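Chemist: Sequence lines, in order, name chains V and C.
Sequential numbering from 1 applies to the first sequence in the working numbering.
Sequential numbering from 1 applies to the second sequence in the working numbering.
Incorrect hints may appear among the rest.
Copies of the same chain look alike in the list, so a pair counts if it fits in one copy or across any two.
[What the hints assert, rightly or not] Below, in silico cross-link-like pairs of lysine-lysine (DSSO-like), each with a Cα-Cα straight-line distance of 27 Å or less:
1. K22 - K39
2. K72 - K190
3. K145 - K275
4. K258 - K190
5. K72 - K22
6. K104 - K220
7. K243 - K190
8. K154 - K190
9. K154 - K256
10. K3 - K72
11. K190 - K104
12. K243 - K233
13. K220 - K275
14. K3 - K258
15. K256 - K190
16. K59 - K225
17. K256 - K275
18. K256 - K220
19. K3 - K190
20. K154 - K225
21. K190 - K137
22. K69 - K56
23. K190 - K56
24. K243 - K154
25. K258 - K220
It is worth saying that the hints were derived from the structure and are not from the lab.
No experiment lies behind these values; they were computed from the predicted model shown.
Number of protein chains: 2
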Amino acid sequence: MDKVGFIGLGNMGKGMSINLSKEGYDVIGYDINVSSFEKLKNHNIQRKENLDEIAKETKTIITMLPDGKAVKNVWDQLINIVEENSILIDCSTIDVQTSLEVQKMANLKNIKTLDAPVSGGVIGADNGTLTFMIGGKETTFNKVKALFNCMGSKSILCGEIGAGQTAKICNNLLLASTMIAVGESFKLGKNLGLDLNRLFDVLSTSSGSCWAVNTYCPIKNVGPKSPSDNEFKGGFSTNLMKKDLTLAIEAALSSKTKIDFGQQTLEKFVDLVNKNEGHLDFSNIVNHI
Amino acid sequence: MDKVGFIGLGNMGKGMSINLSKEGYDVIGYDINVSSFEKLKNHNIQRKENLDEIAKETKTIITMLPDGKAVKNVWDQLINIVEENSILIDCSTIDVQTSLEVQKMANLKNIKTLDAPVSGGVIGADNGTLTFMIGGKETTFNKVKALFNCMGSKSILCGEIGAGQTAKICNNLLLASTMIAVGESFKLGKNLGLDLNRLFDVLSTSSGSCWAVNTYCPIKNVGPKSPSDNEFKGGFSTNLMKKDLTLAIEAALSSKTKIDFGQQTLEKFVDLVNKNEGHLDFSNIVNHI
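Next comes chain V alone, as it looks inside the complex (with noise of 0.2 Å):
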């Protein structure tokens, strides 16, 4: 387990394949963008040509992609190639269908699987400070567990198969929900002639406290620096946590769930995408609600 293959190294698998080299794993990357490795040469990740070639050498592979389609034909070539036994962690944010269908197709070839989302964003990526919410067996789990640790602070079990993704997204829509909350919360505080600084007081250590309040704070000058003090820029974009909420509302339709407030906050964040603002950090959406 002391060499691991890294598929996907974009903005996220940047900085979790450098931690992983940073404590002492010997690192095989590929990615479908040769220029990806630009930004990895002074570190000690080994570019490999195919997926051929990481599938030789190391039985255990992390994948970090945009998308589920992504997922899908990296994970059907793997499937075929890697050695039983083998250990594939997909740790980008995809649909749950995806994910447990690719996972039962690996599982069947008697490969072992995690789904391993992330939340903490490309800072979270870099610091080496991700949480992971995992789906799969407990002892895959441990097999891996050292790994989650060089790459994060916190690796929660959730379940079988497909319940990392089905964490995250229960996580993503209850933050985009509670953001808009709390920008109706601060708007009426500031058109009744509050001080929002004040408000912030209340919020933050009453019965509204929230990470939206508290650690991420929308409004300009109020609370801990956050994007809002930086005019939205950086952070987690609107356009990924669309990403989250379609995947979310797909999932509660699937599921028969009605979920009033789910669905309007997706409509909001389409909105602000269409806005031309989806590069933006999503708690701008307070903005616009």
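Starting from the structure of chain V, add chain C where the hints point.
Modeler: Relative to chain V, chain C alone:
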């Protein structure tokens, strides 16, 4: 200031007045409902027959009444009978406009005033752990801060008169909407087959964390003990949350603030009251979304 008048000795006023008395204050009380004094008979709260008797004996009077109409009725009388430079503190949760109206009238007669609504409910009142959200002059606040310290664990000066009421409705608006978002997240997780204790582990330690999950989780046998573990008995009633949300939406309308989620949150709570579940804890809303 060692003698304090307390008007309104119901569920909340009982614990608050007892805590003042325990800390050595000489509390004189009045309640339109004489039976309120039965629960106080083992405590050193002296019953007065009318507001005149209160006003004659002290320059520091607290009111804790059910609604704006009751506050207006009592304050209209008090304003004409208390001495100049008396301090009137209203701890009721009422609409901002009535609060401003009675305080301005008092201020014109050189009576000092504070609005100081609380959060923490009956348990907080009994245990002396309330949070006070306070509007008024800092000089007035400093003169009676010791009283708040007896009755609560925190008092936050939010701004000029009315600011306490405003901060409270902003907090409860956020709390109520967040509780619905929490309900949707757990509902989706449940329908997707997630173990809700694992979902709690994720939400309570990730960006979805909030008081409504971490302290007051609305799912039975999940998270710390809360009304959901006791069939939603006790806690903060749906009736009271509906009252606070109504105040919030009225304030939103009067200040031309559009708050979609807040409006729908109120409607959902009104529905729940109409289903004769107003007496149950407000977190029961998660079963009706």
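Chemist: Against each hint, give a clear statement of whether it holds in the structure.
Modeler: Evaluation of the provided hints:
no.: 1; hint: K22 - K39; in the structure: within (15 Å within a copy, 67 Å between copies)
no.: 2; hint: K72 - K190; in the structure: between (48 Å within a copy, 26 Å between copies)
no.: 3; hint: K145 - K275; in the structure: neither (42 Å within a copy, 49 Å between copies)
no.: 4; hint: K258 - K190; in the structure: between (32 Å within a copy, 12 Å between copies)
no.: 5; hint: K72 - K22; in the structure: neither (29 Å within a copy, 68 Å between copies)
no.: 6; hint: K104 - K220; in the structure: neither (46 Å within a copy, 32 Å between copies)
no.: 7; hint: K243 - K190; in the structure: between (31 Å within a copy, 21 Å between copies)
no.: 8; hint: K154 - K190; in the structure: between (37 Å within a copy, 23 Å between copies)
no.: 9; hint: K154 - K256; in the structure: neither (32 Å within a copy, 44 Å between copies)
no.: 10; hint: K3 - K72; in the structure: within (23 Å within a copy, 75 Å between copies)
no.: 11; hint: K190 - K104; in the structure: between (52 Å within a copy, 21 Å between copies)
no.: 12; hint: K243 - K233; in the structure: within (18 Å within a copy, 39 Å between copies)
no.: 13; hint: K220 - K275; in the structure: within (21 Å within a copy, 41 Å between copies)
no.: 14; hint: K3 - K258; in the structure: neither (45 Å within a copy, 56 Å between copies)
no.: 15; hint: K256 - K190; in the structure: between (38 Å within a copy, 12 Å between copies)
no.: 16; hint: K59 - K225; in the structure: neither (42 Å within a copy, 44 Å between copies)
no.: 17; hint: K256 - K275; in the structure: between (30 Å within a copy, 24 Å between copies)
no.: 18; hint: K256 - K220; in the structure: between (39 Å within a copy, 22 Å between copies)
no.: 19; hint: K3 - K190; in the structure: neither (55 Å within a copy, 38 Å between copies)
no.: 20; hint: K154 - K225; in the structure: both (23 Å within a copy, 25 Å between copies)
no.: 21; hint: K190 - K137; in the structure: between (49 Å within a copy, 19 Å between copies)
no.: 22; hint: K69 - K56; in the structure: within (24 Å within a copy, 79 Å between copies)
no.: 23; hint: K190 - K56; in the structure: neither (61 Å within a copy, 40 Å between copies)
no.: 24; hint: K243 - K154; in the structure: within (23 Å within a copy, 41 Å between copies)
no.: 25; hint: K258 - K220; in the structure: between (34 Å within a copy, 20 Å between copies)
Comparing the model with each earlier hint shows violations of hints 3, 5, 6, 9, 14, 16, 19 and 23; every other hint is respected.
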